[in-house]
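In order, the protein sequences belong to chains A and B.
Anchor point for the first sequence: position 402 equals 401 in numbering that gives the first Met the number 0, and the numbering is continuous, going up by one each time.
Anchor point for the second sequence: position 49 equals 48 in numbering that gives the first Met the number 0, and the numbering is continuous, going up by one each time.
Hint data in this document are derived by calculation from the structure and do not stem from the laboratory.
It is possible that part of the hints are untrue.
[Said to hold, decoys possible] Straight-line distance between alpha carbons at most 30 Å, and here's what the computed DSSO-like set of lysine-lysine pairs gives:
#1 B:K172 <-> B:K221
#2 A:K148 <-> A:K163
#3 A:K366 <-> A:K389
#4 B:K75 <-> B:K221
#5 A:K245 <-> A:K232
#6 A:K389 <-> B:K87
#7 A:K389 <-> B:K75
#8 B:K98 <-> A:K389
#9 A:K232 <-> A:K208
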Amino acid sequence: MNTLTVSLRLAWRALTQNILTSLIAVFTVSLSGGLFLGAWKTKQTVNLAFAQSAGGFDAVLGARGSQLQLVLNALFHLENSPGNLDWSQYETIRSHPGVSEAYPFALGDNYLGYRIVGTTPDLFVHHQWKPGTNYQVHPPGRIFSDHAKEAIVGAQVAAEIGLKLGDRFHPYHGLEYNPDTRHEDIYLVVGLLETTGTPVDQVIWVPLKGVQMMEGHDASSANAISGVLLNLKGSSGLALDVKYNKQGDRATLAWPVPAILSSFFNRFAWMERTIAVLAILMALVGGLIILATLRSTLHERRREFAVLRCMGASRAVVTGSILWQSALISLMGALGSVVLFIVLSLSLSSLIRLQVGVSMGLPVFDKFIFLTCGAILLLGLISAWFPAQKLYRSSLLESLNPHG
Amino acid sequence: MPLTPCDKKLLHMSLLTVEDLQKSFASPSGQLTAVLDVPSFTLNHKEQVAFRGASGSGKTTFLHLLAGVLPADSGKISFDGHSLHSMKESSRDQLRAAKIGYVFQSFNLLNGFTCLENILLAMNLNGSSNRSWAFTLLEAVGLLEFKDYLPRQLSIGQQQRIGIARALVNRPKLVLADEPTGNLDPANTDLCLGMLCSLCQEWGSSLILVSHDPRVIGQFEKSIVWEDLNQVTQSSLTRA
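Required output: the full structure, derived from the provided sequences and hints.
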């Protein structure tokens with residue numbers, strides 16, 4: 000049996016002999032590492048998930064106001080609409096040579112708190128919400144007809160409130176559910192959308208005319224829309240930006256969508272920095288915990304090492320055993336960190352999906368995670384190195400023969 | 000330091016020779032206190048000798064110096080053709096694992112390991128692993144059926160018997176026994192001492208035993224009063 004095996008065996012036995020202390024150390028390192036990974040990776044994952052959930056649109060045209068509010072309202076179905084556009088404004092932008100796709104939408108109603116968005120069937124026929132992928136309706140469902148009181152239901156809505164093909168429902172006025180604001184119109188569910196992992200899943204879609212002509216709505220809304228979802232050709236965004244945002248004063252073009260989302264996340268830069276500092280502190284705490292655990296167990300192992308030295312254990316066996324002990328705690332801590340990170344990511348993903356319909360997907364194992372695990376291991380070995388050297392030099396006489 | 004022809008000749012007869020060995024320890028105030036000054040000592044192959052001396056008089060320090068776990072301040076220790084005083088630490092470790100067995104007063108078995116594992120571990124430190132030999136030893140000390148017991152599950156007499164088996168597992172040239180019967184009752188003292196001496200004799204190991212118990216010392220043909228060997232006076236010692 001070589002030095003490596005003997006020292007590993009001694010380390011493993013030390014771990015199992017001090018099982019409670021070892022488990023506490025592994026748990027604490029896991030907690031530090033998991034929170035570190037979670038804090039660091041969440042920002043990246045959330046940014047990416049939001050960017051991928053923009054529904055495949057380059058821009059949104061809406062009432063004069065904030066570009067961010069327009070994007071959040073039109074693509075993520077958050078916030079209130081900043082106002083309305085005339086139908087003529089939709090026709091103008093649709094006919095602009097720089098526009099490849101234009102879908103008007105109108106909102107202002109809900110069903111049990113889920114937004115009802117009016118749009119044209121073309122959105123579900125022609126638009127690709129991600130490259131090469133159109134919205135799909137579960138068979139035998141179909142897309143609503145332009146002038147009928149029909150609806151197709153997002154996957155999350157269907158799952159959560161149990162709407163199914165052939166169901167009928169009364170919309171409620173406003174974006175928040177209020178039982179006193181029920182419209183008399185009755186809509187028939189004709190299709191259930193397949194899951195997209197985007198905010199579309201949280202919406203009930205009806206024909207544009209349905210929202211415009213809803214019983215109880217103001218007569219002026221018959222020709223009003225909340226905005227237009229756009230895809231642009233080439234660099235036409237620049238020209239449209241000048242036309243609507245710099246020279247015009249009737250509408251706002253939210254373009255380009257990714258940059259607007261980035262500016263949104265940049266608002267939280269202070270929070271990210273705070274999390275980063277906390278994460279680094281957590282990592283240091285993890286290292287200190289390994290050190291404290293080792294010091295505690297090494298104090299108990301002084302006699303054991305003194306005996307081993309009398310039996311001929313070399314420096315490599317003694318220091319190797321301590322380094323192995325730390326390495327095993329660190330390795331289990333690193334694994335625990337990854338497990339905790341996965342649990343945190345999935346929990347956060349589920350929360351975000353429930354709140355805004357954005358799917359973060361499964362946690363991605365990239366270089367950063369492996370580097371973090373390596374750093375935990377290195378920190379553990381560094382923490383163990385100095386106690387190991389000190390222990391080797393400590394007095395055998397005191398350890399073996401406390402009575403002199 | 001190479002051995003002279005004279006040294007080599009001497010070594011043909013003796014297993015261990017000590018010359019002008021000195022050791023001091025620093026007191027808490029930083030002052031050096033001499034604990035050991037042995038001008039000369041020789042031990043022959045297969046010889047068994049007992050040191051009698053008071054507790055705290057430097058006997059354990061002497062054993063640690065002989066085993067090479069402590070460095071001497073000055074002097075020479077030659078053991079089985081090796082000059083311990085001039086060897087590197089790693090070489091001393093190897094030599095100790097292969098050729099020196101240690102028996103402690105408080106047994107010092109490793110608590111997390113079974114009796115068999117305690118013996119195998121000593122073997123492993125010497126780079127070997129021979130379970131059948133470990134079983135032979137356990138049988139020799141009468142504890143084969145306890146091979147899977149943890150030390151705490153044994154009586155103190157049984158623990159010391161495992162300690163003896165562990166010390167002999169690598170067929171050492173020299174066994175150092177530091178008050179091996181200090182914690183034992185008279186019956187176990189006789190049993191363990193008899194076992195230690197007879198097994199050393201049977202397997203050709205020399206034995207140095209230190210004790211303050213005249214009854215133990217009396218069982219050895221050759222015994223030395225430690226204070227006669229160590230030139231440091233008892234009154235000057237603070238700790239050994």
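Broken hints, by number: Number 3 - this is the single hint that the structure violates.
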